[in-house]
Amino acid sequence: MEIFYSILPDLIRMVVCAVCGAAIVFGNALVMGYAERKLAGHIMLRPGPMEVGFHGVYQLVVDGLKLMGKQLVVPKNADRPLFMLAPLLAFAPVFVPLLVIPFSDKIQGFDLDIGLLVILALASINLLAILIGGWSSNNKYSLFGAFRAVSQNVAYEIPMLLSLLSIIFMTNTFSLKGVVAAQSPVWFIVIQPLAFLIYLVAIVAETNRAPFDLPEAESELTAGFHTEYAGMSFSLFVLGEYANMFIVCSVATVFFLGGSSGIPLPYFEYSGIIWFLLKVYLLMFFLIWIRWTYPRTRFDQLMNFCWKYLIPFSLVNLIITVVMVKLL
Amino acid sequence: MKSYFSELFTGAWSLILGLKVTIKALFTPIVTCQYPREKLEITPNYRGHIDLVKFADTGTHKCITCGSCMRDCPSDCIVVDGEKREGVKGKALTVFTLDFTKCSLCGACVEVCPTKALDYSNEYELAGYAREDFHYDLLKRVEERE
Amino acid sequence: MAMDVETLEDSRHHRYVLNMGPQHPSTHGVLRILLELEGEYAMELLPVLGYGHRCHEKIAEHKPVKSFMPNTARMDYLGALIYNHGYAHLLEKAAGVEVPERAEYIRVITSELNRIQSHLLWYGAYLLDLGAFTPIMYAFDDREHILDILEDVTGSRLTYCYFRVGGVSKDIDDKFVTSTRAFIKRLRSRFPMYEDLVNGNIILQKRLNDVGELTPQLCARYGVTGPLLRGTGVDYDMRRAEPYSIYPQFDFEIPTETKGDCMASFLVRFREMEQSLRIIEQALDGLPEGPVMAAKVPKKLKIPAGDYNASVEAPRGELSYYLVSDGSDVPYRLKVRTPSYSNLSVVPEMCQGMLLSDVVSAMGALDLVIPEIDR
Numbered sequence: 000m001e002i003f004y005s006i007l008p009d010l011i012r013m014v015v016c017a018v019c020g021a022a023i024v025f026g027n028a029l030v031m032g033y034a035e036r037k038l039a040g041h042i043m044l045r046p047g048p049m050e051v052g053f054h055g056v057y058q059l060v061v062d063g064l065k066l067m068g069k070q071l072v073v074p075k076n077a078d079r080p081l082f083m084l085a086p087l088l089a090f091a092p093v094f095v096p097l098l099v100i101p102f103s104d105k106i107q108g109f110d111l112d113i114g115l116l117v118i119l120a121l122a123s124i125n126l127l128a129i130l131i132g133g134w135s136s137n138n139k140y141s142l143f144g145a146f147r148a149v150s151q152n153v154a155y156e157i158p159m160l161l162s163l164l165s166i167i168f169m170t171n172t173f174s175l176k177g178v179v180a181a182q183s184p185v186w187f188i189v190i191q192p193l194a195f196l197i198y199l200v201a202i203v204a205e206t207n208r209a210p211f212d213l214p215e216a217e218s219e220l221t222a223g224f225h226t227e228y229a230g231m232s233f234s235l236f237v238l239g240e241y242a243n244m245f246i247v248c249s250v251a252t253v254f255f256l257g258g259s260s261g262i263p264l265p266y267f268e269y270s271g272i273i274w275f276l277l278k279v280y281l282l283m284f285f286l287i288w289i290r291w292t293y294p295r296t297r298f299d300q301l302m303n304f305c306w307k308y309l310i311p312f313s314l315v316n317l318i319i320t321v322v323m324v325k326l327l
Numbered sequence: 000m001k002s003y004f005s006e007l008f009t010g011a012w013s014l015i016l017g018l019k020v021t022i023k024a025l026f027t028p029i030v031t032c033q034y035p036r037e038k039l040e041i042t043p044n045y046r047g048h049i050d051l052v053k054f055a056d057t058g059t060h061k062c063i064t065c066g067s068c069m070r071d072c073p074s075d076c077i078v079v080d081g082e083k084r085e086g087v088k089g090k091a092l093t094v095f096t097l098d099f100t101k102c103s104l105c106g107a108c109v110e111v112c113p114t115k116a117l118d119y120s121n122e123y124e125l126a127g128y129a130r131e132d133f134h135y136d137l138l139k140r141v142e143e144r145e
Numbered sequence: 000m001a002m003d004v005e006t007l008e009d010s011r012h013h014r015y016v017l018n019m020g021p022q023h024p025s026t027h028g029v030l031r032i033l034l035e036l037e038g039e040y041a042m043e044l045l046p047v048l049g050y051g052h053r054c055h056e057k058i059a060e061h062k063p064v065k066s067f068m069p070n071t072a073r074m075d076y077l078g079a080l081i082y083n084h085g086y087a088h089l090l091e092k093a094a095g096v097e098v099p100e101r102a103e104y105i106r107v108i109t110s111e112l113n114r115i116q117s118h119l120l121w122y123g124a125y126l127l128d129l130g131a132f133t134p135i136m137y138a139f140d141d142r143e144h145i146l147d148i149l150e151d152v153t154g155s156r157l158t159y160c161y162f163r164v165g166g167v168s169k170d171i172d173d174k175f176v177t178s179t180r181a182f183i184k185r186l187r188s189r190f191p192m193y194e195d196l197v198n199g200n201i202i203l204q205k206r207l208n209d210v211g212e213l214t215p216q217l218c219a220r221y222g223v224t225g226p227l228l229r230g231t232g233v234d235y236d237m238r239r240a241e242p243y244s245i246y247p248q249f250d251f252e253i254p255t256e257t258k259g260d261c262m263a264s265f266l267v268r269f270r271e272m273e274q275s276l277r278i279i280e281q282a283l284d285g286l287p288e289g290p291v292m293a294a295k296v297p298k299k300l301k302i303p304a305g306d307y308n309a310s311v312e313a314p315r316g317e318l319s320y321y322l323v324s325d326g327s328d329v330p331y332r333l334k335v336r337t338p339s340y341s342n343l344s345v346v347p348e349m350c351q352g353m354l355l356s357d358v359v360s361a362m363g364a365l366d367l368v369i370p371e372i373d374r
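Protein chains in written order, with numbering that gives the first Met the number 0: chain A, 0 to 327; chain B, 0 to 145; chain C, 0 to 374.
Source of the hints: derived by calculation from the structure; they are not laboratory data. Watch out, some of these pointers could steer you wrong.
A few chain B residues facing chain C, derived, Cβ under 7 Å [claimed, not checked]:
#1 103
#2 105
#3 113
#4 114
In silico DSSO-like links for lysine-lysine, alpha-carbon gap of 30 Å or less [what the hints assert, rightly or not]:
#5 101(B) with 184(C)
#6 53(B) with 57(C)
#7 184(C) with 169(C)
Idealized CB from N, CA, C, for every residue including glycine.
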């Protein structure tokens, strides 16, 4: 019993964190789904969702209900267990990175010393899910999508890590809170603008969004890796994608935009979350904006861009950072 | 090496130009029309399916049952029939049906009509559960019309 | 990026077949292509046709020549008026009907509007193939103005049946002239926007440059015409090569490029829109008064026995009608040479060894209209 009482606070904290994580994942999917469709609509000079509720605000809720009500279709000759597992695998790991993100000074699940590593490690599981989903669908288009996703994500993880690494060299910590604390006078976007740009390009590829949405290139691969998925199993992929966007944008906020710092509001140790979310959604807006502007790149060009531009630039940036850190 | 950097900069600039266009569009009023809620005015020249014209002076159509439209129709979608009646010169119209599922809206019937008894209607909201919904009895339509 | 022939031969044993279409987002209708793939490289392509076949040529042998006019519009639903124009031109040539000048002017104006409309739709759909979702909405916004203008005079929005043997069915009014002039101004003001958003975009340039290269010889072998041929540097346009209607009176250029790749035909089509605007402007300026139908067109149009041919420039290339008459008012045989059919036939050779993404962009550059291929 004594042991129980001693771990009780941690247990409660864990439950609260898990519930908050789930709330963030679903809430974010609702907000992003609505924002994406509405912004896409207005960029295309049409109103977007308008029918359900005021200006269609309940559209995503209704869509979610519809998706839940749909039959889970498993194609003939598909690898049934893997086919069912893939969407779960895409969706399940997205909760954990949310635990280490410092939404403000005091709103954070756990401040781990290896916070960044946790996020990056768990974010890569999504890729495995895409591979499994594409493989088990027994569809050539899905398989193409999966192959593209894997090679693209592996390639783009390098510049992403290298750009973050230059910040790590400056702050000397993997803890996200430590990184935020290190930006007290100036945000790292001012000191490391190149790293920020490289990171921004890399996360577009990491989250498989246009113009780098090759795994689900609609006009080539019909729907890419999720061609065969319907109903809730499809929407788990989408939820996972939006949650991943949230996570990578949070990391960008923590590393480059000063986390929750901003003009102090009352109770700033808690209300800093407002600034944090504002920055995150500003980045997300940027991702939506470029998605509805550009054509899709070709696969070899995507890889060339990574190997010829992003990686050399991030390496140069890293070396300069290291030298400067040593000298100063 | 020079082209390596110049391509990077011209490319980046072209991407920024594209972003400028879309952000401008984001704050431009929308151009679409929420169709069932609001409707655009349709031009009077719109050619829907054909209809018999109701003439104000006689209060009815002017079809003389000559059958030109039936003969000229490339899709054979018009059926006209008449009967001899007492006190009426020529034949009186008894049947005038249009199978709109076959009609290609070429306008041959309207142009060939010697009495200008046919015209295009302005109906564009056509939907039905069966193909028979589009077998119009134009005689009935002209009688029912105001 | 294309694979060379030797690697191509070596790799024959680990290929597999991908069935693209008939329900694929980028085959624009019911075209089906069998791709023999090696990784993502398409090694052999086989277009499979016939999903939309409606026997138009056979129908023509069963009814009076005049009655075939609405069918011409259904072959190429994007260039309906130009198909009307070709057919009217053929019958006028065969039966010796004189067309009033005003009718010819109206035909040219509406045909060119139709051509711009077709190019705008291609523009949007092509960019959709390349993954850009927004330009199609802007292109459709412009296209809608053309449809409104044409609806006001022809009565329909897509499959027009407006031209008649000996003229057009309805005269244009002042409203048409003013709205067309307003449209010309509008579209001209939109070109810089398209330039910024799409044509100058580095991603688009990278996607289209050096993809699907054609040579004049290859085009001649397969009978490829239209913007694809003009993209290879040959200024072959039926409006100049075999002038019909009143086109010789107008001052316009035939845009050409030299490279023959997707970017070349892309630019040719884009510049053709500007030239069409120029033609419309001149035609509106010189629009004469007078009747729009020839006075004496026999009701039963009998074509003297013999062979007749008429060609016009459709948005996708050369459109020819070939009529064999036995002297009655029903043709013995009517052959329609549609441009998309010949343009599609070049695909297996053009796309060999291409990446799947390039196959999509090369096919989009052909601007295929499937009902025209199958007809």
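Cross-check of the supplied hints:
Among the interface hints, the one on residue 103(B) holds; its C-beta lies about 4 Å from the nearest C-beta in chain C, closer than the 7 Å criterion. With a cut of 7 Å, the hint placing residue 105(B) at the interface with chain C holds, because the nearest CB-to-CB distance is about 4 Å. Annotation: residue 113(B) was flagged as interfacial toward chain C, and the flag is violated, the nearest CB pair being 12 Å apart, outside 7 Å. Evaluation of the residue 114(B) hint against chain C yields a violated restraint, the C-beta minimum of about 16 Å exceeding 7 Å.
For the hint linking residue 101(B) to residue 184(C), the alpha-carbon distance of about 40 Å lies beyond 30 Å, and the restraint is violated. Taking the CA atoms of residue 53(B) and residue 57(C), the gap is about 39 Å. The hint is violated against a cut of 30 Å. Our distance criterion of 30 Å between C-alpha atoms is met by residue 184(C) and residue 169(C), whose separation comes to about 25 Å.
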